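A.B. asks: Here is how the chains run, residue by residue.
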Amino acid sequence: MGGTPIELEHVSRFYGSGNKQVRAVDDVSFTIRPGETLCLVGESGCGKSTTGRMMAGLLEPSEGRVLYGGTEVGSLPEEERKSFRRAVQIIHQDPYASLNPIRSVTQILSAPLQRHKLVKSRTELKTRLRKLLETVGLTPPEDFLKKHPHQLSGGQRQRVSVARALTVNPEVIVADEPVSMVDVSLRIGLLNMLLGLQQDLGVAFLFITHDLAVAKHFSWEGRIGVMYLGRMVELGSTQRLVREPVHPYTRALISALPEADPELTRNKQRLRLRSPDIPSLLNLPTGCPFHPRCPMYEEGLCDTDRPAEDAVSLGGHLAACYVAARELGQEDRIPESSKKARDMRKTA
Amino acid sequence: MEGRDEVLSVRDLEIAYATGRGLVRAVRGVSFDVRDDESLAFIGESGSGKTTLGLSLVRLLPQNASIARGEIVFRTASEEALDLTTLDDEALRRFRWRECAMVFQSALNALNPVMRIRDHFADTAKDHGETNGSLKGRALTERATECLQMVQLDPDRVLKAFPHELSGGMRQRVMIALGLLLNPRVLILDEPTTALDVLTQRAIIEVLRTLKDEHRFAMIFVSHDLSLAAELADRVATTYAGRIVELGDVEQVFYQPRHPYTVGLLDAVPTLAGEQQELSSIPGSPPDLIELPSGCKFHPRCPYATEKCREEDPPMTEVAAGQTAACWHWEKVASDWEARGGERHGRDAHRA
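Chains as they are written, first to last, in the working numbering: chain V, 1 to 348; chain E, 349 to 700.
Chain V extracted, bound-state conformation:
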């Protein structure tokens, strides 16, 4: 499989206009390297799915660029655009809505193979279909080829969606909450199957989930990006982010998450938020979007300038928080205006 990185460069997506404008994604940058796993984590409305759709080329950024092998996706020549379309596949959240109910599994999987002329003969097609189903754990394949979606369970349907994404040998799979609608007892099986694809086929993943524990399990060797109100607030290696989160929002998420272990979860350190309610995207707070809820909030410092994505930068681990920057000895990353505002209010 090829090795073309996909870069998101200061990408934003706006909806509506004027004072009704919503910045669903606001100035987000990251790169997916070949074979890498990046999980986007955040609450509903944080812009994680919109980011995924922009990366998959299903949605155009309002600002910023998506680069495939260094070229902006919108200006790729016809041939390369086609190969981008093949290289990036998406798996949707709802396996009940993403498969055509009147097509059999064979038809669902054959269409992309034939369209992209990836098989030359009927025998080759048959072999390929069997192989695909085996790869996603639908065995024996004969039991599934003639079935229609309604004859499959949620977990099995989601596996068919994965097999469909694999037909065109993608380099990157954007998986948008692929397990959240699947029964608990089957979730891990699906996740482990996707992990296998990453290990055996070298497929890179942009894995979108609201569940940090799932993100940790899926990208233990990879990275996690935490989004809040359209912005990336922390991005770094999974192991470090889970053990030593820098941004107070990440800390709040980790401390709030209930765990399936009575002693552990009842004795967990809790971070008290200043407000339980998430602000509206239509009326975003000034400065850091998290400041009205943040337990580390400092007047002047946090509500003046919006912290840059790399306000904290520790060997590739980024966090958008000035208080953390100061605590970690990176005071120089705080703009003068914010320092001034803080000092003025302190003396006042």
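Derived by calculation from the structure, the hints in this document are not laboratory data.
Since this is a predicted model, take the numbers as computed values, not measurements.
A virtual CB, placed ideally from N, CA and C, is assigned to each residue, including glycine.
Watch out, some of these pointers could steer you wrong.
[To be verified] Subject to a maximum C-alpha distance of 27 Å in a straight line, what follows is the list of computed DSS-like cross-link-like pairs (lysine-lysine):
# : chain 1 : residue 1 : chain 2 : residue 2
1 : V       : LYS268    : E       : LYS560
2 : V       : LYS131    : V       : LYS82
3 : V       : LYS20     : E       : LYS508
4 : V       : LYS82     : V       : LYS117
5 : V       : LYS120    : V       : LYS131
6 : E       : LYS656    : E       : LYS680
[Said to hold, decoys possible] Computed beta-carbon distance windows for the label pairs:
#  : chain 1 : residue 1 : chain 2 : residue 2 : range
7  : V       : ARG33     : E       : GLU623    : 21 to 29 Å
8  : V       : SER153    : E       : GLU679    : 26 to 34 Å
9  : V       : GLU327    : E       : ASP636    : 50 to 58 Å
10 : E       : GLU639    : V       : GLU9      : 50 to 58 Å
Given chain V, put chain E in place with the hints provided.
C.D. replies: Just chain E now, kept in the frame of chain V:
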């Protein structure tokens, strides 16, 4: 268990839905007791019958469902024993919300969009309250204010709001406050945190924990989420294919599970604390409730299944003081669990 403070006793309950394809046996021979100060969590996957069970406790089952057998005995505040399966409509109306209230799963859509929150309280009071209507006007506002404060909402803002003006977490708390209005002895919560964001979930959990600590009433949770049970339950019942397969104290069920299905669920849930874990899912899929497998309903997915399991459904057996499980091989399950006990995250991370 002493019988004195039990508020609810369910015995051998059977509920089935009539459908075009046949009879869906959603609840099969379920028995349990709830004390008036404890919280009991039913955990299980979709289709395990847990929602049907919850609905039956307030007799709000859909038209096509029928209670085929068993009894649901409720002890009211005035020490009267009511068998819910035999109550008429008028008696049920007086029973609901005053003795036993329910917070529904689809809480986000359960409020009437064209009614202010205040009117929701008035409606509930009118429908289920005293026949002479003592809870209205000032008294009603006072009680509604009290209930909203119990769930940490600002009554001044919320009472005059329409549902769409409130966030999902606030609406869920309104639903809980409505449940508390008539001071019930039992509150049933069906998936109270599902579909809410993590920080909102946390707020709801804290509200429920405070309620549980400060007020004397029983809570029954129904959830697919093991972590909710770990947070809030005193006792846990694992349900599979319409019956309880394991029942015990929360520590027993999480740290000494004796049913292979409970073990399977625990092994399938990732935790955030600690290192990367070996996780595995339970093979196969949940059973079709119309054509149930023979013998133990879990046998097609069970690593311990033997000939006996295919033939005979195991009864609930006492496996420890206060813990029961329905498995022919629970001793083997126990010794296997103990053998690999060290790798279990919580015990490890926590007791080390």
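A.B. asks: Now look at each hint and say whether the structure bears it out.
C.D. replies: Each hint, compared with the structure:
no., hint, result
1, V/LYS268 with E/LYS560, "19 Å, holds"
2, V/LYS131 with V/LYS82, "24 Å, holds"
3, V/LYS20 with E/LYS508, "25 Å, holds"
4, V/LYS82 with V/LYS117, "13 Å, holds"
5, V/LYS120 with V/LYS131, "16 Å, holds"
6, E/LYS656 with E/LYS680, "15 Å, holds"
7, V/ARG33 with E/GLU623: 21 to 29 Å, "25 Å, holds"
8, V/SER153 with E/GLU679: 26 to 34 Å, "32 Å, holds"
9, V/GLU327 with E/ASP636: 50 to 58 Å, "57 Å, holds"
10, E/GLU639 with V/GLU9: 50 to 58 Å, "55 Å, holds"
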